[in-house]
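In the order they appear, the protein sequences are chains F and X. Numbers given in the numbering used here equal positions in the first sequence, counted from 1, plus 668. Numbers given in the numbering used here equal positions in the second sequence, counted from 1, plus 195.
Mixed in with the good hints, there may be bad ones.
Straight-line distance between alpha carbons at most 20 Å, and here's what the computed PhoX-like set of lysine-lysine pairs gives [stated by the list, open to error]:
| # | chain 1 | residue 1 | chain 2 | residue 2 |
| --- | --- | --- | --- | --- |
| 1 | F | K708 | X | K204 |
| 2 | F | K671 | F | K777 |
| 3 | F | K777 | F | K724 |
| 4 | F | K709 | F | K725 |
| 5 | F | K724 | F | K735 |
| 6 | X | K204 | F | K709 |
Quick list of simulated restraints, FRET-style, between CB atoms [to be verified]:
| # | chain 1 | residue 1 | chain 2 | residue 2 | range |
| --- | --- | --- | --- | --- | --- |
| 7 | F | G727 | X | S213 | 42 to 50 Å |
| 8 | X | L274 | F | N697 | 42 to 50 Å |
| 9 | X | G211 | F | A780 | 26 to 34 Å |
| 10 | F | P719 | X | T281 | 37 to 45 Å |
| 11 | X | G211 | F | I741 | 31 to 39 Å |
Simulated from the structure, these hints should not be mistaken for laboratory data. Even glycine gets a Cβ: it sits at the ideal position worked out from N, Cα and C.
If you want the building blocks of each chain, they are given just below.
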Amino acid sequence: EDKVVQSPLSLVVHEGDTVTLNCSYEVTNFRSLLWYKQEKKAPTFLFMLTPSGIEKKSGRLSSILDKKELFSILNITATQTGDSAIYLCAVEDGSGTYKYIFGTGTRLKVLA
Amino acid sequence: NAGVTQTPKFQVLKTGQSMTLQCAQDMNHEYMSWYRQDPGMGLRLIHYSVGAGITDQGEVPNGYNVSRSTTEDFPLRLLSAAPSQTSVYFCASRGKGAFGNTIYFGEGSWLTVV
Chain F
669 EDKVVQSPLS
679 LVVHEGDTVT
689 LNCSYEVTNF
699 RSLLWYKQEK
709 KAPTFLFMLT
719 PSGIEKKSGR
729 LSSILDKKEL
739 FSILNITATQ
749 TGDSAIYLCA
759 VEDGSGTYKY
769 IFGTGTRLKV
779 LA
Chain X
196 NAGVTQTPKF
206 QVLKTGQSMT
216 LQCAQDMNHE
226 YMSWYRQDPG
236 MGLRLIHYSV
246 GAGITDQGEV
256 PNGYNVSRST
266 TEDFPLRLLS
276 AAPSQTSVYF
286 CASRGKGAFG
296 NTIYFGEGSW
306 LTVV
């Protein structure tokens, strides 16, 4: 059975800290891995990582994909209170169904 | 740009009632799906569709059904609501094709079954 596992489940840090969120996966037909940030409403897209694009960076956020060990990390440097959210990892099934398997998410709280 | 539109945003149902959550997208996306999100469970796929007239079950389909008569619309029906269906529901869509496509989510529908 395909699965995506995120760790830790929750994390509390202080402003300015650096955090690393983990996502490991076992998906038979891996196509891409996506990271989303979810505040009070719908998830918003952060990054897509593919076998041909294994590193992404945007401002204080960066992510890498390890195709061999089947995991990804999301790094956030110099955290701010606005980074407080649930971070979701999803893997796209490449078998033609366009299904996405989501992890349970990591709840990040950044204290001022 | 409307994107993915879900209605209603909030709903309270009594056990045994039926209702339909509406979802429409204006991006001509072929793939549409419904997820539910419960605390500590992440997003779980209920049903999905890869095009008009084609639907399939996801991870947690029991108690729900769907239809896809047009590319734009993908309603989710709760046949006989149960308290276990209290959740937040998200509709999502994606364009067909290779890399570079991501899924777009609606704003969510908060459903409480009492």
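Hint check results:
Simply put, K708 of chain F and K204 of chain X have alpha-carbon atoms about 13 Å apart, close enough for the 20 Å limit, and the pair holds. Our distance criterion of 20 Å between C-alpha atoms is broken by K671 of chain F and K777 of chain F, whose separation comes to about 25 Å. A distance of roughly 23 Å separates the Cα atoms of K777 of chain F and K724 of chain F; the hinted pair therefore is violated under the 20 Å criterion. As the CA atoms of K709 of chain F and K725 of chain F are separated by approximately 24 Å, the hinted pair breaks the 20 Å bound.
For the hint linking K724 of chain F to K735 of chain F, the alpha-carbon distance of about 14 Å falls within 20 Å, and the restraint holds. With a C-alpha separation of about 11 Å, the suggested pair K204 of chain X and K709 of chain F falls inside the 20 Å cut-off, and the hint holds. Evaluation of the 42 to 50 Å hint for G727 of chain F and S213 of chain X yields a pass: the beta carbon distance comes to about 46 Å. The given range of 42 to 50 Å is broken by L274 of chain X and N697 of chain F, whose C-beta atoms sit roughly 32 Å from each other.
Between G211 of chain X and A780 of chain F the CB atoms are about 47 Å apart, so this pair departs from the stated range of 26 to 34 Å. Our hint of 37 to 45 Å for P719 of chain F and T281 of chain X holds, since their Cβ atoms are close to 39 Å apart. Between G211 of chain X and I741 of chain F, the C-beta spacing of about 46 Å breaks the proposed range 31 to 39 Å.
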